[in-house]
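Position chain R relative to chain S; hints supplied.
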Amino acid sequence: MSGHGFLLANYVPGTSPLHRAPLWLKFLLVLGCGMASFLIVDWAAAAAALAVMCALFLISGAGLRRLVRAVRPVLPVLAMIGLFQWWQLGGPTAARIVLNVLVCIVAASILTATTPVQRLLDGVASLARPFRRFGADPERFALTIAIMLRSIPFIAGAYSDVRDSARARGLERNPRALILPVFITTVAFARQTGDALAARGLGEAETDTQSGPGAKTQPEAEKPTQPAGPGGHALP
Amino acid sequence: MSTIVLDRAAVRVAVDGRHAPKTLLAALTLRLTEQRIGVIGANGSGKSTLLRLLNGLVAPSSGTVTVDRWDTVRAVREVRRRVGFVFTDPLSQLVMPTGREDVELSLRRSVRNGRERSRQAEATLDRFGLLALADQSIYELSGGERQLLALAAVLAVDPEVLVLDEPSTLLDLRNRELLRRTLAGLSQQVILSTHDLELALDLDRVLVVDAGTVVFDGAPAAAVEHYRALCAAGLPASGAAGHRPAPENLQPVQLHPERP
Numbered sequence: 010m011s012g013h014g015f016l017l018a019n020y021v022p023g024t025s026p027l028h029r030a031p032l033w034l035k036f037l038l039v040l041g042c043g044m045a046s047f048l049i050v051d052w053a054a055a056a057a058a059l060a061v062m063c064a065l066f067l068i069s070g071a072g073l074r075r076l077v078r079a080v081r082p083v084l085p086v087l088a089m090i091g092l093f094q095w096w097q098l099g100g101p102t103a104a105r106i107v108l109n110v111l112v113c114i115v116a117a118s119i120l121t122a123t124t125p126v127q128r129l130l131d132g133v134a135s136l137a138r139p140f141r142r143f144g145a146d147p148e149r150f151a152l153t154i155a156i157m158l159r160s161i162p163f164i165a166g167a168y169s170d171v172r173d174s175a176r177a178r179g180l181e182r183n184p185r186a187l188i189l190p191v192f193i194t195t196v197a198f199a200r201q202t203g204d205a206l207a208a209r210g211l212g213e214a215e216t217d218t219q220s221g222p223g224a225k226t227q228p229e230a231e232k233p234t235q236p237a238g239p240g241g242h243a244l245p
Numbered sequence: 138m139s140t141i142v143l144d145r146a147a148v149r150v151a152v153d154g155r156h157a158p159k160t161l162l163a164a165l166t167l168r169l170t171e172q173r174i175g176v177i178g179a180n181g182s183g184k185s186t187l188l189r190l191l192n193g194l195v196a197p198s199s200g201t202v203t204v205d206r207w208d209t210v211r212a213v214r215e216v217r218r219r220v221g222f223v224f225t226d227p228l229s230q231l232v233m234p235t236g237r238e239d240v241e242l243s244l245r246r247s248v249r250n251g252r253e254r255s256r257q258a259e260a261t262l263d264r265f266g267l268l269a270l271a272d273q274s275i276y277e278l279s280g281g282e283r284q285l286l287a288l289a290a291v292l293a294v295d296p297e298v299l300v301l302d303e304p305s306t307l308l309d310l311r312n313r314e315l316l317r318r319t320l321a322g323l324s325q326q327v328i329l330s331t332h333d334l335e336l337a338l339d340l341d342r343v344l345v346v347d348a349g350t351v352v353f354d355g356a357p358a359a360a361v362e363h364y365r366a367l368c369a370a371g372l373p374a375s376g377a378a379g380h381r382p383a384p385e386n387l388q389p390v391q392l393h394p395e396r397p
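Protein chains in written order, with our numbering: chain S, 10 to 245; chain R, 138 to 397.
It is worth saying that the hints were derived from the structure and are not from the lab.
Keep in mind that the hints are not guaranteed to be accurate.
So, partial list: chain R residues that the calculated Cβ filter (under 7 Å) puts toward chain S [what the hints assert, rightly or not]:
id, residue
1, Leu194
2, Arg217
3, Phe222
4, Ser229
5, Gln230
6, Val232
7, Pro234
8, Glu238
9, Glu241
10, Gly251
Heads up, incomplete: computed chain R residues facing chain S, CB under 10 Å, no partners named [said to hold, decoys possible]:
id, residue
11, Arg254
12, Arg256
13, Val300
Yeah, the Cβ is synthetic: ideal placement off N, Cα and C, and Gly gets one too.
Next up, chain S with everything else stripped away, as it sits in the complex (with noise of 0.2 Å):
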């Protein structure tokens, strides 16, 4: 089944200090290790990072096997963009990128693994309030999170599903078997998201103008209705 994937390790509850630690300073750390990935010019220095944020998910006590599971899908791609840059750049630049994904991987694991998903949501509900004068809804941002939060190891559990099969049929090497599938997986993951999503009224702009009982909306009075006639119920 789709969907087994992992990327950034779920709510874990807990008490530690990072349980406890604001919800901004979390978006803080997060932040700013995705601007430190693009000043951190030094690979060691990115591997001091890596090692006080995987210390800081340690502390969180959410385990080291989550850690690993949050990191494990990415390792591929970080694995053949690592080769490229290296032969494009040399080792050190390659080992600084791959450090620096790795870096601002972790730390959103730290934010997710220590932060309630519903938490998380009204804190972006809240950063995103200023933005109502300019007529965007609050809610759809954190929305936006949530369907992001779904969707990532779902296409990387739609990824892992399409490669097994691609390897019964004998066709791992070829990469149209790979990707296309996974495309079109995605494609019908996002209908199917949207179609949940309306169907549960989630996701509508907070007034709908069109909804009121007015008139125009509701008709005056509830037409009689005809059971169908038998032109269009004749069996074939």
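Positioned in the frame of chain S, the structure of chain R alone reads:
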């Protein structure tokens, strides 16, 4: 009890520019007022399209669909507040990684206070016996538990009508029984499509859909009988030699009268 009215509602889709639009559902006029209504029919017969009309997931190409006089196109928000929808595959509708988070997501619009939202989510999960599984990944739950969770997430916002698209198709016998009991205990009006004919027999009224048309509408036992005959008549002659009833032996179409 809600009243759902389909007034000559039809669904057609354009396949390409050269061919005429394909009819998924022929013009249909129905008034759905019973507590438990079922829709049965072959794969691809139009059951899902019919159900999707009821909460605005599909808009009629012509005619109208109303739920308590709210038009499913013009007042889709009001309609979705009244009509909850449960999909065949719960994984396609559960958005969050755990059950607790998913139920809380359902409540985000209606309950602004975080603590109250958590309390209500917990109460909903408890009601469905899912509290112990609330913090487990949805991928670690069994098919039955996931389906119950999808049901709980939809019922958390207390819709008046619950529409379920083949809710038991992916379930084993035990989980099907569990779902059946759960549905029987709901106060909501329930409209579901199913291939589980035993489940259909529990309902108050059953529609049989074939090739985009409602070919039978009436009491469950008669509807199931009609559907069985219809299926037998559609089997290839070689595979069903000796069992295939002549078309003239099929029960005549019963158009449902205006129901109370």
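Hints, verified against the model:
| no. | hint | verdict |
| --- | --- | --- |
| 1 | Leu194 | 6 Å, holds |
| 2 | Arg217 | 4 Å, holds |
| 3 | Phe222 | 4 Å, holds |
| 4 | Ser229 | 4 Å, holds |
| 5 | Gln230 | 4 Å, holds |
| 6 | Val232 | 5 Å, holds |
| 7 | Pro234 | 5 Å, holds |
| 8 | Glu238 | 5 Å, holds |
| 9 | Glu241 | 5 Å, holds |
| 10 | Gly251 | 6 Å, holds |
| 11 | Arg254 | 7 Å, holds |
| 12 | Arg256 | 12 Å, violated |
| 13 | Val300 | 9 Å, holds |
In this structure, only the earlier hint numbered 12 is contradicted, and the remaining ones agree with it.
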